[in-house]
Amino acid sequence: MAIECLVLGAGQEVGKSCVVATIGGKRVMFDCGMHMGYHDRRHYPDFARALASWGAPDFTSALSCVVITHFHLDHIGALPYFTEVCGYHGPIYMTYPTKALAPFMLEDYRKVTMDQRGQEEQYSYEDILRCMKKVIPLDLKQTVQVDKDLVIRAYYAGHVLGAAMIYAKAGDAAMVYTGDYNMTPDRHLGAAQIDRLKLDLLITESTYAKTIRDSKHAREREFLKAVHKCVSGGGKVLIPTFALGRAQELCMLLDDYWERMNLTVPIYFSAGLTIQANMYYKMLIGWTSQKIKDSHAVHNPFDFKHVCHFERSFINNPGPCVLFATPGMISGGFSLEAFKKWAPSEKNLITLPGYCVAGTVGHKLMSGKPTRIDLDKDTHIDVRCQIHQLAFSPHTDSKGIMDLTEFLSPKHVILVHGEKPQMAFLKEKIESELGMPCFYPANNESVSIPTTHNLKMSTTERFITSCAAEQGKQSLRKRNLIHGTGTSEVNVTDEGEAEGVLLMERHKAPKILCEDELLQVLGMERHLVQFEAMSSSRIEAAVESELKRAEAADLGSEEK
Amino acid sequence: MMGELVEMHREFVRYYGPDTDGLPKWMEGEKLNEFPSVLQKAVTEDKGNGLISLMPLYSSLKENDVILFSDLSSLNDMDEDNEKLDEHAMDETDSLLCRHSVLRDDGADADEKILFLCNSDDVTEEIERISFICSCIISAIKSGGSVLIPIGRLGVILLLLELISETLHSSSIKVPIFMISETAAEVIAFTNALPEWLCKSRQEKLFSGEALFGHVELLKEGKLFLFPHLHSKGLLAAWKEPCIVLCPHWSLRLGPAVHLLRRWRADRRCLLVLEQGSDAELSLKPFMPMAIRVLECSFLSGVRAAKIDTLLGVLKPKFVMLPEGLKSRYSSKERPWSFLYYSKGKTIELPNLQEDFEVHLATDVALGLQPRQLNETTAVARLRTKLFVSSGQYQLAAAEKQSDQSKWHLLQRDAVDPDRLLPALQEKGMVCSFAADDKSAGERSVLITSPGYALVKITSDRTVIYCDDERTSKHIYDALSSVCNGI
Numbered sequence: 001m002a003i004e005c006l007v008l009g010a011g012q013e014v015g016k017s018c019v020v021a022t023i024g025g026k027r028v029m030f031d032c033g034m035h036m037g038y039h040d041r042r043h044y045p046d047f048a049r050a051l052a053s054w055g056a057p058d059f060t061s062a063l064s065c066v067v068i069t070h071f072h073l074d075h076i077g078a079l080p081y082f083t084e085v086c087g088y089h090g091p092i093y094m095t096y097p098t099k100a101l102a103p104f105m106l107e108d109y110r111k112v113t114m115d116q117r118g119q120e121e122q123y124s125y126e127d128i129l130r131c132m133k134k135v136i137p138l139d140l141k142q143t144v145q146v147d148k149d150l151v152i153r154a155y156y157a158g159h160v161l162g163a164a165m166i167y168a169k170a171g172d173a174a175m176v177y178t179g180d181y182n183m184t185p186d187r188h189l190g191a192a193q194i195d196r197l198k199l200d201l202l203i204t205e206s207t208y209a210k211t212i213r214d215s216k217h218a219r220e221r222e223f224l225k226a227v228h229k230c231v232s233g234g235g236k237v238l239i240p241t242f243a244l245g246r247a248q249e250l251c252m253l254l255d256d257y258w259e260r261m262n263l264t265v266p267i268y269f270s271a272g273l274t275i276q277a278n279m280y281y282k283m284l285i286g287w288t289s290q291k292i293k294d295s296h297a298v299h300n301p302f303d304f305k306h307v308c309h310f311e312r313s314f315i316n317n318p319g320p321c322v323l324f325a326t327p328g329m330i331s332g333g334f335s336l337e338a339f340k341k342w343a344p345s346e347k348n349l350i351t352l353p354g355y356c357v358a359g360t361v362g363h364k365l366m367s368g369k370p371t372r373i374d375l376d377k378d379t380h381i382d383v384r385c386q387i388h389q390l391a392f393s394p395h396t397d398s399k400g401i402m403d404l405t406e407f408l409s410p411k412h413v414i415l416v417h418g419e420k421p422q423m424a425f426l427k428e429k430i431e432s433e434l435g436m437p438c439f440y441p442a443n444n445e446s447v448s449i450p451t452t453h454n455l456k457m458s459t460t461e462r463f464i465t466s467c468a469a470e471q472g473k474q475s476l477r478k479r480n481l482i483h484g485t486g487t488s489e490v491n492v493t494d495e496g497e498a499e500g501v502l503l504m505e506r507h508k509a510p511k512i513l514c515e516d517e518l519l520q521v522l523g524m525e526r527h528l529v530q531f532e533a534m535s536s537s538r539i540e541a542a543v544e545s546e547l548k549r550a551e552a553a554d555l556g557s558e559e560k
Numbered sequence: 001m002m003g004e005l006v007e008m009h010r011e012f013v014r015y016y017g018p019d020t021d022g023l024p025k026w027m028e029g030e031k032l033n034e035f036p037s038v039l040q041k042a043v044t045e046d047k048g049n050g051l052i053s054l055m056p057l058y059s060s061l062k063e064n065d066v067i068l069f070s071d072l073s074s075l076n077d078m079d080e081d082n083e084k085l086d087e088h089a090m091d092e093t094d095s096l097l098c099r100h101s102v103l104r105d106d107g108a109d110a111d112e113k114i115l116f117l118c119n120s121d122d123v124t125e126e127i128e129r130i131s132f133i134c135s136c137i138i139s140a141i142k143s144g145g146s147v148l149i150p151i152g153r154l155g156v157i158l159l160l161l162e163l164i165s166e167t168l169h170s171s172s173i174k175v176p177i178f179m180i181s182e183t184a185a186e187v188i189a190f191t192n193a194l195p196e197w198l199c200k201s202r203q204e205k206l207f208s209g210e211a212l213f214g215h216v217e218l219l220k221e222g223k224l225f226l227f228p229h230l231h232s233k234g235l236l237a238a239w240k241e242p243c244i245v246l247c248p249h250w251s252l253r254l255g256p257a258v259h260l261l262r263r264w265r266a267d268r269r270c271l272l273v274l275e276q277g278s279d280a281e282l283s284l285k286p287f288m289p290m291a292i293r294v295l296e297c298s299f300l301s302g303v304r305a306a307k308i309d310t311l312l313g314v315l316k317p318k319f320v321m322l323p324e325g326l327k328s329r330y331s332s333k334e335r336p337w338s339f340l341y342y343s344k345g346k347t348i349e350l351p352n353l354q355e356d357f358e359v360h361l362a363t364d365v366a367l368g369l370q371p372r373q374l375n376e377t378t379a380v381a382r383l384r385t386k387l388f389v390s391s392g393q394y395q396l397a398a399a400e401k402q403s404d405q406s407k408w409h410l411l412q413r414d415a416v417d418p419d420r421l422l423p424a425l426q427e428k429g430m431v432c433s434f435a436a437d438d439k440s441a442g443e444r445s446v447l448i449t450s451p452g453y454a455l456v457k458i459t460s461d462r463t464v465i466y467c468d469d470e471r472t473s474k475h476i477y478d479a480l481s482s483v484c485n486g487i
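Chains as they are written, first to last, in the UniProt record's numbering: chain A, 1 to 560; chain B, 1 to 487.
For reference, chain A alone in the conformation it holds in the complex:
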């Protein structure tokens, strides 16, 4: 038996996460993401190729289930395509928040790409709804029996609301696919939490395979200082974010700060989407950090006090304000509109997310300090505003990955969702420091992991007790040694090993018995065999006497 692991996406790259693991004969797809950087065939995982290699007629019969870890598009973006276009009709699992929030993410992205590039439509809004309807929601630590042999369970992963690490077990083989996770709690989410499981394989993200991050407080302070400086100078702050996740985190930070500093500058959310998302956050308190859970009945932290009602025309209003606008990388939409308006004034401030895809305005702003951005032939924007790059990331750093790997102590590790050189570094580290074989396959490569296999057998109570008794004796001996009360034992290496007999009968399951029980069952007897050494004189004496006897016997027989 082995776990066969085929990486369809996020192999030696970040984007379109998709891993298919064959565990105990069951094929499970973990995540089904899209790549935001490509707009050709590489946009989605190569499903057709995988299907051909499995030799199955269709995806539904090839896969036991699909499990989605969280609602980010690089983890779920290809799902409607996979179910509605490729025709996968089997079970799909994701957590409650992911099921609730994923349609927004998918629809938002579908609209943006449609507007922008006039791309061929891959799937429609109806496809998204149909796809989401098939999804079976998961709760944390709920053990779901996918079929007779396959069991999955979700663990809290931090990262974004509803993110989960997935444990899968079929037969004796067990594995964990982490998705994206965060080992330190942030303002609204807790840290990843998982049981100490016995694993053959751990598939972990490795976005920050080489980075160890410094304190979060310093970065938060820096951000608040920049915003405060801007608004007190009468400037406007544009915070382009995705609707979910960072927006809530940053808004909590600002709302808190506003309260403490007694600021009255309005904070706006541009999109209805974000307001709706806030409502979801309020309903899904159970998935946030412990601090919020403890206090939400008194004060729901997603009831932002300083967030004001917003209308699109407000971007022309004079005076300072803070605006959250989507999309995050200023690739279009309202954030681009606001950017056009506000970028020419040096009083204003634009914050940029930690990562921007090449080709977006965000990416241009990040690389160097441009004074002019050309949107197209006729539109140019003079950029005079200040630019602040956010250094918040909901991903774990290198130390976190090592900590989790050490905690779980799997037999093998596979790295995905990272950049090749950093992954190579982390692989070395895992192999040398933790002594676990580690792989980081590229896309469409597969890795085979050997697993331990156990035979299930019945045994009698007596055998178990006799084993336990041996072990008990052993531990007693050890204790004596430790306390120095007993005499020194020579027999310490004999770690409570017990003897038994395996009885195999035709048409019956094999059974392990104690010797005594076997004697009873089969009507056998015990025959002792003793080994005795003899001194050479005794041998001689014995041999001599025997020889004499033999001679006598011979004589006797001759006489007869």
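Rather than coming from a laboratory, the hints here were simulated on the basis of the structure. All figures in this text were calculated on a predicted structure; none of them were measured in a lab. The reader is advised that the hints may include incorrect statements.
[Said to hold, decoys possible] One-sided excerpt, in silico: chain B residues whose CB lies under 8 Å from chain A:
| id | residue |
| --- | --- |
| 1 | 195 |
| 2 | 206 |
| 3 | 416 |
[Unchecked claim] Computed cross-link-like contacts, DSS-like style, restricted to lysine-lysine with a CA-CA straight-line distance of at most 30 Å:
| id | chain 1 | residue 1 | chain 2 | residue 2 |
| --- | --- | --- | --- | --- |
| 4 | A | 291 | B | 205 |
| 5 | A | 473 | B | 200 |
| 6 | A | 293 | B | 233 |
| 7 | A | 508 | B | 316 |
| 8 | B | 223 | A | 282 |
| 9 | A | 293 | B | 205 |
| 10 | B | 316 | A | 291 |
| 11 | A | 141 | B | 200 |
| 12 | B | 233 | A | 305 |
| 13 | A | 210 | A | 229 |
[As the list claims (entries may be wrong)] Covered stretches of chain A, going by a simulated chain B footprint (3 or more residues, C-beta under 8 Å):
| id | region |
| --- | --- |
| 14 | 49–58 |
| 15 | 129–143 |
| 16 | 289–303 |
| 17 | 426–438 |
| 18 | 457–468 |
Just so you know, even glycine gets a beta-carbon here, dropped at the ideal spot from N, CA and C.
Model the placement of chain B on the given structure of chain A, informed by the hints.
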């Protein structure tokens, strides 16, 4: 339902006498017609469908050994449902549904077959009961009276809140609803933040972006007020009669309910909604005489007796523990499980269910075994292992060391035959012969002269090998074990 209504009225008359105010308003003909769904819909036969929604939950409990019904109230309707038990066990559609649910937890394609909790008969009944209470409340409000509801059941309160507000809205009456309890704010906040624990239809609300319960809207619109105490700041400002008040305590001995009942007891337009079960007469005694109308209602709790068989059929336990009081009513005749009856303060000994233990044998150990065929159907192999327990399972791993050679023994079917030992030894290239025996002692000796000197003494239950050379003695042992029918 009609029967219940009549019963309720009878009770009403019994407590307050026929001369209180004639028939209560809601018992009058035209009022009755206002609740057609309550009265006209025949109570459909209970098919145990309510369990369907619990199946995913129970499927993880399958193959349990003992099920303990701890709550007596869960068997409250034993009598009336008892006759239906057998009939249900035979109901094919039921078992089909069950099987389906067990195999696939709550598979997406099984949606049509699995009924939501809210669709099942019990819950429909419960909702009807609550809508009846609701209509009584509305008529009290219409007559200008206030309503006091000292019921502690959260589920009932949440449903009541939704239904009352709907009815108030549809009949365009504006009265404030107060929830006066120290836990009110917390409870209301919590109920809207735990979608994972709600029925499927409520979960759908989450996925379509609505609030889980109607009270979120009510709070926002200023129709529902939450206060921790009667003397809370702001309560007086918001207070307006007639109003609807939900507050503890159902015993009518503590909490805001005491004060409010004192205030309204003389007003025959007002209504007090009580839960059946506690002694109403006793509860109300301190407030006598009173003119306030009292509505006593019972609510569903626990699993209905009719559903026990369906449940047990799915779980397939070996034993079921029931309270002693049910011994006569529920017997294990023709059922594959047996019942144990418990009573307070008495210890019940459960029969030991585990004859066999299950162990996991590592493949490397299994491959290292040297089985020996005893006869055509039986083979045995010696096993030397270490026992581990990991996550509740016994695991046998390879032993590190072979056993001590100073004393071995053979397990055999027939006694060792010394006559067969000789050829076996010779086969191994040893020169040997029988030594003269003292046959009366039942002892035979074999003398080996090459490759080394050795002496083997055999009795019926013991063989002693005298030899200085370890290799030779091992050869002798091997020869011995090869002639013995055993291991």
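We went through each hint and held it up to the structure:
Annotation: interface hint on residue 195 (chain B) holds; nearest CB of chain A at approximately 6 Å, less than 8 Å. Using the Cβ-Cβ criterion of 8 Å, the hint placing residue 206 (chain B) at the interface with chain A is satisfied: the shortest such distance is roughly 5 Å. Hint status for residue 416 (chain B): holds, given a least beta-carbon distance of 6 Å to chain A, under 8 Å. Annotation: proposed proximity of residue 291 (chain A) to residue 205 (chain B) holds, straight-line Cα distance about 26 Å (limit 30 Å).
Between residue 473 (chain A) and residue 200 (chain B) the alpha-carbon distance is near 55 Å, which puts this suggested pair outside the 30 Å criterion. At roughly 26 Å between alpha-carbon atoms, residue 293 (chain A) and residue 233 (chain B) fall within 30 Å of each other, so this suggested pair holds. For the proposed pair residue 508 (chain A) and residue 316 (chain B), the alpha carbon gap of about 24 Å is at most 30 Å, so the pair holds. Restraint check for residue 223 (chain B) and residue 282 (chain A): satisfied, since their Cα atoms lie roughly 21 Å apart, inside the 30 Å limit.
Distance restraint check for residue 293 (chain A) and residue 205 (chain B): the Cα-Cα separation of roughly 21 Å lies within the 30 Å cut-off, and the hinted pair is therefore satisfied. Proposed proximity of residue 316 (chain B) and residue 291 (chain A) is contradicted: the alpha carbons are some 43 Å apart, above 30 Å. Distance check on the hinted pair: residue 141 (chain A) and residue 200 (chain B) sit about 19 Å apart at the alpha-carbon level, within 30 Å; holds. Annotation: proposed proximity of residue 233 (chain B) to residue 305 (chain A) holds, straight-line Cα distance about 22 Å (limit 30 Å).
A hinted pair counts as satisfied when its Cα atoms are at most 30 Å apart, and residue 210 (chain A) with residue 229 (chain A) does not qualify at roughly 33 Å. Chain B is given as covering the region 49–58 of chain A, and this is violated because 0 residues of the stretch bring a CB closer than 8 Å to a CB of that chain, at least three being needed. Counting residues of the region 129–143 of chain A whose CB falls under 8 Å from any CB of chain B gives 8; the rule of at least 3 is met. For a cut-off of 8 Å, the count of residues in the region 289–303 of chain A with a CB near a CB of chain B stands at 4, and the three-residue condition holds.
For the region 426–438 of chain A, the assignment as covered by chain B is violated, since 0 residues bring a beta-carbon within under 8 Å of that chain's beta-carbons and 3 are needed. Only when three residues or more bring their CB closer than 8 Å to a CB of chain B does the claim for the region 457–468 of chain A stand; here the count is 9, and the claim holds.
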